[in-house]
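For the record, the sequence lines run as chains A and B.
The numbering of the first sequence is this note's numbering, which starts it at 1 and goes up by one.
The numbering of the second sequence is this note's numbering, which starts it at 1001 and goes up by one.
Don't take each hint at face value.
Selected chain B positions facing chain A (Cβ under 7 Å, derived; list incomplete) [stated by the list, open to error]:
#1 1086
#2 1089
#3 1186
#4 1206
#5 1290
#6 1309
#7 1312
#8 1313
What follows is a list of derived Cβ distance ranges for each label pair [said to hold, decoys possible]:
#9 1217/B x 302/A: 20 to 28 Å
#10 231/A x 1149/B: 40 to 48 Å
#11 60/A x 1060/B: 52 to 60 Å
#12 1299/B x 273/A: 14 to 22 Å
#13 1083/B x 141/A: 26 to 34 Å
#14 1051/B x 225/A: 30 to 38 Å
#15 1229/B x 309/A: 45 to 53 Å
#16 235/A x 1295/B: 51 to 59 Å
#17 1217/B x 7/A: 57 to 65 Å
#18 225/A x 1043/B: 40 to 48 Å
#19 1064/B x 225/A: 33 to 41 Å
Treat the hints as calculated values from the structure; they're not laboratory data.
It should be emphasised that the depicted structure is a prediction, and the values quoted were computed from it without experimental measurement.
We treat Cβ as the ideally placed atom computed from N, Cα and C, and that holds for glycine.
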Amino acid sequence: MLIGVSILTFFIIRAAGDPTITYLQNPNKATPGMIEAIREKYHLDEPIYIQYVYWLKGTVQGDLGYSKTAAMPVTDAIAKKFPATMELAILSTTIAVTAGIYLGTISAVRVNTATDQGTRVTALVGVSIPVFWLGLILIMVFYNRLGWAPTPNDQYSYGFSPSTLRFHTNFLFIDTLFSGDLTFWWDVVKHMILPSVTLAFAQTAIIIRMMRSSMLEVLGAEYVRTARSKGLPENVVIKRHARRNALIPTTTVIGLGFGGLLGGAVLTETVFSWPGLGQWSASAAVNLDTAGIMGFTLLTAIIYVLANLVVDIIYAYLDPRVRLG
Amino acid sequence: MTSKAGEKAAAIAGAKKPAKRPGVADEDLIGRKDLVSRIKLTLRPRIRELRFSLHLMAKSATSIAGVILIVFLVILAMLPFLLAEPAPGADPYVIPKDFLFPTPQPPQGIGGKFPLGTGENAASTYYGIIWGARISMAFAIQVVAIGVLMGTIIGLVSGYKGGVIDEIIMRVTDIFLSIPSLILVMAIAAVLGRGLGATKLALLAVWWSGYTRLIRGQVLSVRENTYIDAARASGSGELKIMFRHILPNSWAPIVVAATMDMGTVVLVLAGLSYLGLGAPNGYAEWGVMIQEGQQFFVAGYWWMTVFPGLAILTFVLAFNLMGDGLRDVLDPKMRR
Chain A
1 MLIGVSILTF FIIRAAGDPT ITYLQNPNKA TPGMIEAIRE KYHLDEPIYI QYVYWLKGTV
61 QGDLGYSKTA AMPVTDAIAK KFPATMELAI LSTTIAVTAG IYLGTISAVR VNTATDQGTR
121 VTALVGVSIP VFWLGLILIM VFYNRLGWAP TPNDQYSYGF SPSTLRFHTN FLFIDTLFSG
181 DLTFWWDVVK HMILPSVTLA FAQTAIIIRM MRSSMLEVLG AEYVRTARSK GLPENVVIKR
241 HARRNALIPT TTVIGLGFGG LLGGAVLTET VFSWPGLGQW SASAAVNLDT AGIMGFTLLT
301 AIIYVLANLV VDIIYAYLDP RVRLG
Chain B
1001 MTSKAGEKAA AIAGAKKPAK RPGVADEDLI GRKDLVSRIK LTLRPRIREL RFSLHLMAKS
1061 ATSIAGVILI VFLVILAMLP FLLAEPAPGA DPYVIPKDFL FPTPQPPQGI GGKFPLGTGE
1121 NAASTYYGII WGARISMAFA IQVVAIGVLM GTIIGLVSGY KGGVIDEIIM RVTDIFLSIP
1181 SLILVMAIAA VLGRGLGATK LALLAVWWSG YTRLIRGQVL SVRENTYIDA ARASGSGELK
1241 IMFRHILPNS WAPIVVAATM DMGTVVLVLA GLSYLGLGAP NGYAEWGVMI QEGQQFFVAG
1301 YWWMTVFPGL AILTFVLAFN LMGDGLRDVL DPKMRR
C-alpha cells in the first residue's frame, strides 16, 4: 500500500508540470546549459516511470532527496520538525481525552437533560468551527486583549536561543527542563498552550460524540443491570462497569485522531507559525517541492498504518475477548 | 420508558394509517398494466416512508434548527442581490472597493452603509458575507453531488461485481483514503493555479473515495438478501438489480454523509483560501476574507476576521445539525 501511495503522489505531482524551475536558484538568469545540467542531475530527462524508480531506489537507501522549502535534505527536515509537531499532538490529545471522556460520560449518564443537550450542541460546534479561525480568535483574546499569551510566533520568545541548549531528545519541552533554565522552559510551555487548545477542540468534540453513544449502548447492557441489581453504588457501576467498556470503541477514535495530528496540523501550525510538519508540508505543496511532498506523504502513510496497528494492540489489551478470540 | 414506547407506537400507527385515502387501495393496483397505476404502486410506499421520516425528524429540536438554518442559507444563496446590490457591470463575486477610503471602518449597525464594517478600501464585510453564502453553497453542492455520483457508481459496481474488479477498486480507494487529502488537494490546487474551479477539481479528485467505501459496504450486506435472489430469479438484468433493488436499500448512510460533507467541503474551501489557494484575493469568500482581515486585528479591527468566521460556523453547523438528525431518523436500529 505504501508503494501505491508513493506512485499516486509522484504521478500527480509530476503530471502537474516540469519541476526543473523549482530547482533553479534564480530562474530569470538561467542559461539553457544550466537547465540541461539540472535536468540531467535530477534525471528529469528520463521518462516518468524511470524517474519514479530513481526515487524509489533513493528511498530504500534512506535518501529521500532535497527539500527546497526546508533548505535541507528531506530526512533532516522530518527529524527536525517532527518533535515540534509531536509536542503539540501529545498535549492536545491529553486535553482532548480528559475533557472528551469526562463530558461524554456525563452526557450519556444524564441523557436528554439540559447538560446532555448542551454537551451535544458544544460537540457539534466543535466539529463545525473553522480551526484557523478559532486559533485567530484565541490569539485575539489572549494575546491582543488580555496579554496573557506570548507572541504566537515559533516555539519560544525572541531572546531565547535553543543553540545554548544541549539536545537530548529534540523535544524543546524536555530539553529546556533538563537544561535547568526554568524561565526558558516556562516560555516554551506558554507557547504550547494556545495551539494545543485549538487543536484539542475538534478532537474533544469527536471523542465526546463517540463516548456518549458507546456509553448509552453499554448502559443498556445486561451486565450493567446485573451490577445495579447487586446493589452497587451508581458511581461504581458507571466508573468500573460501564465506562471501562465504553472506552473500547472510543480508543479507535483517539488513536486515529492522534495519528492524524502526528502528520501535522497544517492550518493550526500556520496560524501559530509553529515550526512543525504541517507548516512545512503546506509550503512544500504550494511551492511544488516534489521531494518534500513525497517524503511527507510517505511519512503520513506510515503513521496511518502504525496508528491502526497500535489501536489494534491497545484493543487486545483493553478487551480480553479480542485477545482470546 | 413506557410513555416513550407508547409515543412511538402511536407515531407508527399515525403515519401508517391506511384508512380513508381517496382513490384506489394499494392491493387493487397490483397486476394493473396501465402506466398510472404502475407509477402509483411504485411511489406510494416511498411517499409513506418519507412522511414517516419527516414525522420523526420533526420531533428532534436540533434537526429542526438545522433545517431552518439551511432554508435560510439557501434563500440567501439564491437571492443575494436583494440584500447586497452589486455594482452594475462588475463581477458580483468580487467585493466592490472604493480606493478613496483605504482605512477599515468599524461596524455601523443595521441601516448604516456598512452594517458589519469594512476592510481595506471600503470593501464591505456585509457584502462579502452575503455573496459568500452563494459561493459556498454552489461550491459545496457541486463537489458533494459529483462526488456522491462518482462514489456511488464505483462503489455499486465494486460491491456487486466482487472478485478482481472489487479487489482493484478497493486497493485504489484505500490509497486515496490513506494519503493526507488536504496536502494532496493543496498540491493539485497549487498546480492548477489559484481559483474556485481549480480547487473544485482538486477536491473532486479525492472526495469520491469515502463514498465508494461507504456504498460498497452497504451493497455487500444488501446483496445477500433473498429479495435480490428473487429479482434475479424473475429475470431482472444486472443494471436493474443494481439500481432498482440494491441502490434504494443502500443509500441511507450516503445521505447522512453527504449532508455533513456539505459543511466539511466549505470548511476545506475556507481553509485552502486562508492558505492562499482556493478563491483569489478580493473575492467574497469567507476564508479569503479571514486571511485578508487577520493582519488588521492586531490593530483592533476585529470585525474583518470575526464575522466571516461566524458565517462559516453557521453554515457548517446547519448541515451538521441536520445530518445528525437524519442519522437518527434513517438508522433502522433507532427507527422502530
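Residue 235/A versus residue 1295/B beta-carbon gap, inside 51 to 59 Å or not:
holds (52 Å)
Indicate whether the distance between the beta carbons of residue 1083/B and residue 141/A respects the range 26 to 34 Å.
holds (30 Å)
Do the numbers back the hint for residue 1313/B, that is, is its least Cβ distance to chain A under 7 Å?
Result: holds, 5 Å to nearest chain A Cβ.
Hint check: is the beta carbon of residue 1086/B less than 7 Å from a beta carbon of chain A?
Violated: closest Cβ of chain A sits about 26 Å from residue 1086/B, beyond 7 Å.
For the pair residue 231/A and residue 1149/B, does the Cβ-Cβ distance stay inside 40 to 48 Å?
violated (58 Å)
Does residue 1312/B pass the interface check with chain A, least Cβ-Cβ distance below 7 Å?
Check passed: Cβ of residue 1312/B comes within 5 Å of chain A, closer than 7 Å.
Mind checking the hinted window 14 to 22 Å against the Cβ distance between residue 1299/B and residue 273/A?
At roughly 19 Å between Cβ atoms, residue 273/A and residue 1299/B fall inside 14 to 22 Å, so the hint holds.
Could you see if the CB distance from residue 225/A to residue 1043/B stays within 40 to 48 Å?
holds (45 Å)
Does 30 to 38 Å hold as the CB distance between residue 1051/B and residue 225/A, or does it fail?
About 36 Å separates the Cβ atoms of residue 1051/B and residue 225/A, which means 30 to 38 Å holds.
In this structure, is the beta-carbon distance linking residue 1217/B and residue 7/A contained in 57 to 65 Å?
violated (26 Å)
Would the stated hint for residue 1309/B survive a check requiring a Cβ distance to chain A of less than 7 Å?
Where the cut-off is 7 Å and the nearest Cβ of chain A is about 4 Å from residue 1309/B, the hint holds.
When you take the CB atoms of residue 1229/B and residue 309/A, is the distance between them in 45 to 53 Å?
violated (39 Å)
Checked against the numbered hints listed earlier, the structure breaks hints 1, 2, 4, 10, 15 and 17; every other hint is satisfied.
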